[in-house]
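Position chain B against the provided structure of chain A, taking the given hints into account.
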Amino acid sequence: MIRITQSYLINQTIINLISKGWSLLYSDIPGGKRSGIGIIANINSIWEGLYNLSPDIVFENKGEILLIEVDRNLNKEYLEKFSKYISKEKELKEKLKNAIGKEITCIKFGFVSKSDKYKITINRNLKDFNFIYFKDGLMINKIINAS
Amino acid sequence: MVVWAESEAEALDFIKLIENKAELKISNIYVAKRSSGKRDVGSKYINGVYYPYDLNRNATVDKSIIAPKFITDLVQWCSPDLILSTETKALISIETTYHTLAFNNVAQRIPRQIRSAKMGVPSVIFQKVDYKFKVGIGWFTKTFLKASKIYSTPCLALLFDDSEFLEAKLSLIKLLNARINNEEDFNDSVNSLTQRMEKHAENYNQDTLLRGRNSKPRTWLNMDDNWVEVIIGVRDNCALAGIKGFGCQGNDVERREFRKTLKFRKLGSKGCVWLSKGTGGMDPYPGLVKMAEILLCYNDEGKRVKKLKTYFSSLPKDFWWFEHNRNEIYYRLINEFSEKISYSEIYK
Chain A
1 MIRITQSYLI NQTIINLISK GWSLLYSDIP GGKRSGIGII ANINSIWEGL YNLSPDIVFE
61 NKGEILLIEV DRNLNKEYLE KFSKYISKEK ELKEKLKNAI GKEITCIKFG FVSKSDKYKI
121 TINRNLKDFN FIYFKDGLMI NKIINAS
Chain B
1 MVVWAESEAE ALDFIKLIEN KAELKISNIY VAKRSSGKRD VGSKYINGVY YPYDLNRNAT
61 VDKSIIAPKF ITDLVQWCSP DLILSTETKA LISIETTYHT LAFNNVAQRI PRQIRSAKMG
121 VPSVIFQKVD YKFKVGIGWF TKTFLKASKI YSTPCLALLF DDSEFLEAKL SLIKLLNARI
181 NNEEDFNDSV NSLTQRMEKH AENYNQDTLL RGRNSKPRTW LNMDDNWVEV IIGVRDNCAL
241 AGIKGFGCQG NDVERREFRK TLKFRKLGSK GCVWLSKGTG GMDPYPGLVK MAEILLCYND
301 EGKRVKKLKT YFSSLPKDFW WFEHNRNEIY YRLINEFSEK ISYSEIYK
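Heads up: the sequence lines are chains A and B, in that order. According to our numbering, the first sequence is numbered sequentially starting from 1. According to our numbering, the second sequence is numbered sequentially starting from 1.
The following block holds chain A by itself, in its conformation from the complex (with noise of 0.2 Å):
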């Protein structure tokens, strides 16, 4: 039997949205090399110096971004932190188009979570809010305050 870990959320969510047509800019798994070297350095910066903080998964696609954290349960820290990053959103977006030499579109959220459910409500603010879990080895992606 396999360990659902952290790593294992986070490699799973990797593949499965990579195979949707997201390229990773940047992930932080447990014992990982958060500093990383190159592209994966400077999205750490951009995060460490706004926020002081960075999300467990950061993708991209066609100038959007998705920016996911990972853990067992979706609980109001988490929302707290997604606010964090919305506060700072503007210049988010600028330094994100500098790092990658792409227009930002949009900034979106994601949660990936060991359990199937969750017991908070989730802002308005976080449109088209990407709750994924796991069952039976398939990704299940849930679309919450869809616009």
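Misleading hints may appear alongside valid ones.
What the hints assert, rightly or not - The calculated lysine-lysine pairs, modelled on DSS-like cross-linking and capped at a C-alpha distance of 25 Å, are: (1) A:119 / A:142; (2) B:317 / A:76; (3) B:277 / B:317; (4) A:97 / A:135; (5) A:76 / B:277; (6) A:114 / B:317; (7) A:135 / B:309; (8) A:84 / B:63; (9) A:81 / B:277; (10) A:20 / B:16.
Said to hold, decoys possible - Covered stretches of chain B, as calculated for chain A (at least 3 residues, CB under 8 Å): (11) 53 to 64; (12) 103 to 112.
Claimed, not checked - Between beta-carbon pairs, the in silico distance windows are: (13) A:138 / B:63: 22 to 30 Å; (14) B:54 / A:146: 31 to 39 Å; (15) A:76 / B:277: 22 to 30 Å; (16) B:277 / A:21: 22 to 30 Å.
In case anyone wonders, no lab produced these hints; they're calculated from the structure. Just so it is clear, CB atoms sit at the ideal spot from N, CA and C, and this is done for glycine as well.
Just chain B, lined up with the frame of chain A:
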């Protein structure tokens, strides 16, 4: 080839780093630390407990195995990022880091490589640097050069800055391939890396270790004719708060409550390292102790000429964390590395 990694991420980062250029033919991967939470933790690997990593399912398997003694022996001073082995012997231990070498991390990984050298297994650290940090690079490379001499085993540092990353990566792959396939090529790679380290170690000067800016003596190091003394100045803020039963100085219930407040504290507010980290406030002191020992207790011929002692200058011996964690790995290592250990009479 068997890969023994500190964590899943280390194994995967390594595979990504060497691409398909290394002639490894990996048959099995085992990981030392795992967790369902945000950080891979655990120290069962000290007793040989490792978890198989399934490359097809990209996941760690629940059922553990017991590593052979030649691996367990190597990880007693903390797990290196990776060890490559055959079924019967360890070939090389590897550290890879993209954190730029700085004062606060210069010694952090040193014990793992010195342990490898002590056990007769070559080691290499793939280390990003800023070449302006000449003092630190001098300490770093000199430590490994001396360890190579003391233990007659290659203990290597492969340094690179951003612009040299690709070249350094190829040097690492070349070294690993040589270690697996060809002893002569491996010796050539070792000699070439050693020459580069010697060049960097020209910056080393014992005075830079003992004295800081304006020639002021370092607060963490003393030396006389017979002894080298490492002074560990880590404090306990809860004890210094002077409130009876406060924070980590409280009873079990008070500690639990305080730990909860730490979890939800605002960014930038003060914490308590003794409650929030398994290693307490001990990092990076084992590294500093070992670095001081190698650099100052041995002469250039690799002969031991001084003894080593450690002094906790701000914590008394009966500090609760010491009493609860006698076998915690970093505290154990400080005890193991020091011939004499002493404590402050009071909290400072």
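Next pair to validate is residue 277 of chain B with residue 317 of chain B; report whether the Cα-Cα distance is within 25 Å. holds (20 Å)
Residue 76 of chain A paired with residue 277 of chain B, Cβ distance criterion 22 to 30 Å: Taking Cβ atoms as reference, residue 76 of chain A and residue 277 of chain B lie about 24 Å apart, which means the hint holds.
Holds or violated: residue 20 of chain A and residue 16 of chain B, Cα atoms, limit 25 Å. This hinted pair holds, its Cα atoms lying about 21 Å apart.
25 Å limit on alpha-carbon distance, applied to hinted pair residue 114 of chain A and residue 317 of chain B: violated (43 Å)
Using C-beta distances, would you say chain A covers the region 53 to 64 of chain B, given that this needs three or more residues below 8 Å? As far as the region 53 to 64 of chain B goes, the hint holds, because 8 residues have Cβ atoms under 8 Å from chain A.
Would the hint linking residue 76 of chain A and residue 277 of chain B be met if the CA-CA limit is 25 Å? Between residue 76 of chain A and residue 277 of chain B the Cα gap is close to 23 Å, so the pair holds against 25 Å.
That 22 to 30 Å hint for residue 277 of chain B and residue 21 of chain A (C-beta), does it hold up? Once the Cβ atoms are compared, 40 Å apart, the range 22 to 30 Å for residue 21 of chain A and residue 277 of chain B is violated.
With a cut-off of 25 Å on the C-alpha distance, tell me whether residue 81 of chain A and residue 277 of chain B pass. holds (22 Å)
Hint check: residue 119 of chain A vs residue 142 of chain A, CA-CA at most 25 Å. Holds or violated? holds (15 Å)
Are residue 138 of chain A and residue 63 of chain B spaced within 22 to 30 Å by their CB atoms? holds (24 Å)
Does the hinted range 31 to 39 Å hold for residue 54 of chain B and residue 146 of chain A at CB? Given about 36 Å between the Cβ atoms, the range holds.
Restraint status (C-alpha distance of residue 84 of chain A to residue 63 of chain B at most 25 Å): violated (40 Å)
Hints 2, 4, 6, 7, 8, 12, 16 from the list above are not met by this structure, while the remaining hints are.
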